[in-house]
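A.B. asks: The chain contents come next:
There are 2 protein chains.
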Amino acid sequence: MSAVTVIPIEGVPEIEAGDDLAALILATDVELLPRDVLVVAQKVVSKAEDRFVEAKDRTGAALRESTRVLRKQGDMIISQTRHGFVCANAGVDASNVEGDRVVLLPLDPDLSARRIRARVAHLREIDIGVVVADTFGRAWRIGQTNVAIGVAGFDPFVDYVGETDVFGQELVATRICVADQIAGAAEMVMKKTTGICAAVVRGAEVSWGRGAAGSIVRPPGEDLFR
Amino acid sequence: MSAVTVIPIEGVPEIEAGDDLAALILATDVELLPRDVLVVAQKVVSKAEDRFVEAKDRTGAALRESTRVLRKQGDMIISQTRHGFVCANAGVDASNVEGDRVVLLPLDPDLSARRIRARVAHLREIDIGVVVADTFGRAWRIGQTNVAIGVAGFDPFVDYVGETDVFGQELVATRICVADQIAGAAEMVMKKTTGICAAVVRGAEVSWGRGAAGSIVRPPGEDLFR
Numbered sequence: 001m002s003a004v005t006v007i008p009i010e011g012v013p014e015i016e017a018g019d020d021l022a023a024l025i026l027a028t029d030v031e032l033l034p035r036d037v038l039v040v041a042q043k044v045v046s047k048a049e050d051r052f053v054e055a056k057d058r059t060g061a062a063l064r065e066s067t068r069v070l071r072k073q074g075d076m077i078i079s080q081t082r083h084g085f086v087c088a089n090a091g092v093d094a095s096n097v098e099g100d101r102v103v104l105l106p107l108d109p110d111l112s113a114r115r116i117r118a119r120v121a122h123l124r125e126i127d128i129g130v131v132v133a134d135t136f137g138r139a140w141r142i143g144q145t146n147v148a149i150g151v152a153g154f155d156p157f158v159d160y161v162g163e164t165d166v167f168g169q170e171l172v173a174t175r176i177c178v179a180d181q182i183a184g185a186a187e188m189v190m191k192k193t194t195g196i197c198a199a200v201v202r203g204a205e206v207s208w209g210r211g212a213a214g215s216i217v218r219p220p221g222e223d224l225f226r
Numbered sequence: 227m228s229a230v231t232v233i234p235i236e237g238v239p240e241i242e243a244g245d246d247l248a249a250l251i252l253a254t255d256v257e258l259l260p261r262d263v264l265v266v267a268q269k270v271v272s273k274a275e276d277r278f279v280e281a282k283d284r285t286g287a288a289l290r291e292s293t294r295v296l297r298k299q300g301d302m303i304i305s306q307t308r309h310g311f312v313c314a315n316a317g318v319d320a321s322n323v324e325g326d327r328v329v330l331l332p333l334d335p336d337l338s339a340r341r342i343r344a345r346v347a348h349l350r351e352i353d354i355g356v357v358v359a360d361t362f363g364r365a366w367r368i369g370q371t372n373v374a375i376g377v378a379g380f381d382p383f384v385d386y387v388g389e390t391d392v393f394g395q396e397l398v399a400t401r402i403c404v405a406d407q408i409a410g411a412a413e414m415v416m417k418k419t420t421g422i423c424a425a426v427v428r429g430a431e432v433s434w435g436r437g438a439a440g441s442i443v444r445p446p447g448e449d450l451f452r
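Keeping their order, the protein sequence lines are chains A and B.
For the record, in the first sequence the residue sitting at position 191 is 191 according to my numbering, with numbers rising by one throughout.
If you want my numbering, it's the position in the second sequence, counting the first as 1, plus 226.
Be a bit skeptical, because a hint or two may be false.
[Claimed, not checked] In silico DSS-like pairs for lysine-lysine, Cα to Cα no more than 30 Å straight-line:
#, chain 1, residue 1, chain 2, residue 2
1, B, 282, B, 298
2, A, 72, A, 56
3, A, 191, A, 72
4, B, 417, A, 191
5, B, 298, A, 72
6, A, 191, A, 56
Simulated from the structure, these hints should not be mistaken for laboratory data.
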């Protein structure tokens with residue numbers, strides 16, 4: 001087992017609509033190696049994809065981005081987004097957005113991740129994993145953690161079903177969402193107060209190949225944890 | 227912002243009741259520096275604390291460890307433990323346990339963490355953080371992640387309330403549960419199939435001082451995410 005390293009990417013400029021985010025990240029002095037996972041904050045992905053709306057429309061936008069409202073408290077809603085994610089205000093927020101604007105989540109964060117991955121492959125000729133990360137609250141536990149809302153280049157899960165422990169006993173039903181752990185690890189170097197919007201996670205043992213964060217959304221009928 | 231490194235600790239022997247877990251971890255060739263966070267798997271903490279019960283009593287034990295059963299499916303329950311955690315089978319499980327036994331969660335995982343921290347301070351004269359980590363499922367999202375069930379030496383939260391973003395706007399209500407992110411990061415090097423039961427997380431920016439995982443338990447009345 002080797003170490004996992006989480007490296008902040010400093011020097012990415014303020015992102016505006018239409019920017020080539022992958023190229024701007026690569027233009028920093030980041031070292032990016034094959035099979036690194038590049039974690040990018042949802043906020044800058046949304047900005048590059050021009051997902052701005054006027055701040056005064058924040059509540060309306062959050063409702064339009066939602067398929068189902070679960071709770072309301074003051075001007076905050078907890079809802080399920082069109083992608084299936086359950087989060088506050090459908091991910092619409094104003095922090096680190098200049099001027100009187102807010103940004104919505106990307107239309108298809110898995111597609112966003114695949115595009116960044118393809119762009120890096122094109123510009124650098126290396127195969128990496130990509131995670132688009134956002135900060136979500138969760139049931140039962142106080143505080144937020146970063147989770148993966150977009151994934152490309154690897155399976156978001158590491159599956160131990162059928163594998164055995166050190167005593168040769170079968171490990172039952174353990175399916176680790178490594179993409180969320182990668183997103184959470186990256187948060188530790190992507191402080192909201194410093195504007196660091198991307199990080200490299202190096203050394204994570206994942207299954208390389210096709211994968212998408214859409215597969216993390218749990219069908220409500222199967223959810224025993226609510 | 228500096229990098230965060232997650233280092234597996236190899237060579238910890240199989241733990242039995244009464245073992246001095248901290249001493250056995252320090253007896254490996256692990257390098258442990260001041261302000262590292264030592265993450266220890268709940269399983270070995272429970273073993274050292276003799277939380278074994280007979281495997282045939284697993285369901286009964288899970289019920290006795292619970293204050294409230296939320297769901298039942300086959301021989302699995304989702305319940306709230308006496309500590310307030312919501313998880314499968316009250317954390318009682320058989321993987322990586324030798325013989326016809328299962329182990330319960332530690333009676334007081336925060337106390338377990340404080341003891342490990344104190345023992346490291348005594349044996350090495352360094353101040354570290356400690357996380358006791360377990361693998362929990364969660365609402366809305368498929369797969370499990372490692373979370374902190376015991377914390378010592380630092381505040382499990384990094385609080386951005388009142389801080390400002392790069393545009394000088396106040397960040398509202400962002401309270402990152404960095405202890406859970408540290409636990410999740412450590413999982414990536416503590417594979418269940420290899421028996422690696424501990425890891426060092428180096429470089430995490432946390433608030434050093436008193437802290438406990440008990441403070442992560444969300445009072446049900448405040449929970450908008452269920």
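A.B. asks: Between the alpha carbons of residue 191/A and residue 72/A, is the straight-line distance 30 Å or under?
C.D. replies: 28 Å, holds
A.B. asks: Is residue 417/B within 30 Å of residue 191/A, Cα to Cα?
C.D. replies: At roughly 28 Å apart (the allowed maximum being 30 Å), residue 191/A and residue 417/B satisfy the hint.
A.B. asks: Tell me if the straight-line CA distance from residue 72/A to residue 56/A falls inside 30 Å.
C.D. replies: Answer holds: residue 72/A to residue 56/A is near 18 Å, not above 30 Å.
A.B. asks: Measure nothing beyond the straight line between the CA atoms of residue 191/A and residue 56/A; if it is 30 Å or shorter, mark the hint as holding.
C.D. replies: Distance ~26 Å between residue 191/A and residue 56/A Cα, so the pair holds.
A.B. asks: Do the alpha carbons of residue 282/B and residue 298/B lie within 30 Å of each other, as the hint requires?
C.D. replies: Given that 30 Å is the threshold and the Cα spacing comes to 18 Å, the pair holds.
A.B. asks: For a C-alpha distance cap of 30 Å, please report whether residue 298/B and residue 72/A respect it.
C.D. replies: The hint holds at about 29 Å.
The structure is consistent with each of the numbered hints, conforming to all of them.
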